[in-house]
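Now for the letters of each chain:
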Amino acid sequence: MFRQALQFINYDKPKAFGATLGVLVAIFLIGQQAGIFIFLTSLMTTLVDNSKADIWVTNDKARDANRLGTIDMRYAQELKSVPGVNMASPLVLAGANAKLRNGEQLPVQLVGVEAPEFLLEPWRVVKGSKYGLLDNGGVSVDVFDISSMDSLVAGEPLEINGERSYIKTITRGARGFGGTLMVTTVNRARTLGQVPSNKASAILLTVKDGFSADSVAAAVNRSFFGIRAWEREAFSRQTREENLSNSGIGTSTFTLIIFAIISGMVIIGLTLYSAAIERLNDYATMKAIGASNGYVTRIILTQALLIATVGFALAALLLVGFRKGIANAGVIFEYGWMLWAGLLLATLLLSLGGALLAIFRIRKVEPASVFR
Amino acid sequence: MPEPEVLARLEEAKKVYRTGDTTITALDATTMDIRSEELVLIEGPSGSGKTTLISLIGCVIYPTDGKVFVRGVHTSGLNDRELSKLRLDNIGFVFQNFNLIAPFSALDNVAFPLRLMGKSGREARREALAQLEKLGLAGRRQNRPRELSGGQKQRVAIARALATNPRILLCDEPTASLDHASLDKIMSELRNLSREGKAVVVVTHDPRLEEYADRIVRVEDGKIVDEKT
Chain A
1 MFRQALQFIN
11 YDKPKAFGAT
21 LGVLVAIFLI
31 GQQAGIFIFL
41 TSLMTTLVDN
51 SKADIWVTND
61 KARDANRLGT
71 IDMRYAQELK
81 SVPGVNMASP
91 LVLAGANAKL
101 RNGEQLPVQL
111 VGVEAPEFLL
121 EPWRVVKGSK
131 YGLLDNGGVS
141 VDVFDISSMD
151 SLVAGEPLEI
161 NGERSYIKTI
171 TRGARGFGGT
181 LMVTTVNRAR
191 TLGQVPSNKA
201 SAILLTVKDG
211 FSADSVAAAV
221 NRSFFGIRAW
231 EREAFSRQTR
241 EENLSNSGIG
251 TSTFTLIIFA
261 IISGMVIIGL
271 TLYSAAIERL
281 NDYATMKAIG
291 ASNGYVTRII
301 LTQALLIATV
311 GFALAALLLV
321 GFRKGIANAG
331 VIFEYGWMLW
341 AGLLLATLLL
351 SLGGALLAIF
361 RIRKVEPASV
371 FR
Chain B
1 MPEPEVLARL
11 EEAKKVYRTG
21 DTTITALDAT
31 TMDIRSEELV
41 LIEGPSGSGK
51 TTLISLIGCV
61 IYPTDGKVFV
71 RGVHTSGLND
81 RELSKLRLDN
91 IGFVFQNFNL
101 IAPFSALDNV
111 AFPLRLMGKS
121 GREARREALA
131 QLEKLGLAGR
141 RQNRPRELSG
151 GQKQRVAIAR
161 ALATNPRILL
171 CDEPTASLDH
181 ASLDKIMSEL
191 RNLSREGKAV
201 VVVTHDPRLE
211 EYADRIVRVE
221 DGKIVDEKT
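From first to last, the protein sequence lines stand for chains A and B. For the first sequence, position 294 (counting from the first letter as 1) is numbered 294 according to our numbering, and the numbering increases by one without interruption. For the second sequence, position 57 (counting from the first letter as 1) is numbered 57 according to our numbering, and the numbering increases by one without interruption.
One should not assume that every hint holds.
[As the list claims (entries may be wrong)] Covered stretches of chain B, as calculated for chain A (at least 3 residues, CB under 8 Å): (1) 16–25; (2) 58–65; (3) 73–86; (4) 92–102.
Read the hints as simulated data drawn from the structure, not as lab findings. Don't be surprised by glycine CBs; every beta carbon is placed ideally from N, CA and C.
Bound-form chain A, shown alone:
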């Protein structure tokens, strides 16, 4: 079966090439869109996902970790009295303008975290450390957000809202959804971002051993009005859903993927159909000799699977190259095993779906046609 399918493919190389190219292009496009989608959704939830907090306590109207509103700082003390709460640490998010040494100006989001807990600390640090943020004027910055700077060293001065600050921690790939993230201390974020000292954007909680995050979050939600406690995973999910429903990113990606599948299936379907039509007499002869419809169907399916395998392997190679290439521009994401499994499934759907047209045609061929 395998040998016979391979001989059919080998006999009509241009069509096999066309069908393989169809698989390759469709799977590459799907993988590319999925990669960008993974990157964007990871940016949406990056603050929550990279925090060490078990629970985020926010204004009760907040649905998005990137737009938190404010809550009163008194809650920080009160939350410590809830059974199971280990640490309660304020988080301040504030917008600001930064001016670099080379004159470039960029809007930034200051992320103020409390030391020494650092329940949200700079991640993917390549130079300096989180303790540099404790130095006078210390902030973190990501190399991809200030690409105009040819070289960047820890201690580099900059101005934030007109105040002199220093880049003490440098990250690579720790980027925000709303813009450039600069992590600093709570007090500095308040000062630079002009946030009142009695306000915070959220209170981050850790839970004592022996307590579950969901029971502590439920206890907070029962005991306090005007705030809401979210388990970290739940807040991450909520943030993602909020952004996807408001931005159209999900719809746009999904639409592109569906169109890639449809166009791939049409290319493969027409190519395999055309190849089958040209070999109609061969399939009729096979049937006359004694091959059942099931047998010739399997030959066509095997051809489709062989094409799918080669097309998928080439697309996977291109996608790995694409991921590496785009990572150099700061678009960093990973293709997990589930995505690869999904791409493989899409490949099978494309190829086997594309083969259906050819199969229907071949099954209709009468073996008696060999006598005409």
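With the hints as your guide, set chain B onto chain A.
Then chain B, alone, in the frame of chain A:
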């Protein structure tokens, strides 16, 4: 000496083709036996029903009415898979245009029915090579049909038809476009096969073949109009 065995039988077999409002009776109620150890020649003008007759014997079509038996099996009750198996086990075909499978080599063409019978690839190719050697084509086993001459294609087609050792061999115009020497060689080989116990049915327009036949059946307008031994 055992009596020749009836390998295929048509009982009032009729084939009607319908296209829209048009009805064409390709073969009217026809009864005939195909026996072992005989070479039957089916003659007749174009459109007379020869092809329909051989198609019914070859189980590649079902009769509209009447019955067809192959090795005692009533074919009308069989599904696609069962009918395919019946053909594979009992009938060898030699087509007018050879109908070699273009993407396959000569060896793989002959091995193909053996693979369908469930033999391993290695075993099927070994037996196919033996068939090709008998017909002097071992040297061309790796060639595809387009790389073979007409005579070579003809011999590969015969090798393929004989690969499964069928009891019935159906040949559609096997000598078309052959010179007399080649014709004699092919027909003598077919007659030898019938002497070995096979039933050989040859459809032809060519009167030169009559001298090799044990029985000549003449078909006109979908009916057997003459039969002579």
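Taking the hints in turn, this is what the structure says about them:
Coverage of the stretch 16–25 of chain B by chain A is violated in this model, with 0 residues showing a Cβ closer than 8 Å to a Cβ of that chain against a need of three. Coverage of the stretch 58–65 of chain B by chain A holds in this model, with 3 residues showing a Cβ closer than 8 Å to a Cβ of that chain against a need of three. Given as covered by chain A, the stretch 73–86 of chain B passes the check, having 4 residues with a CB less than 8 Å from a CB of that chain where 3 are the minimum. Residue count for the stretch 92–102 of chain B with a Cβ under 8 Å from a Cβ of chain A: 7. That meets the three needed, and the coverage hint holds.
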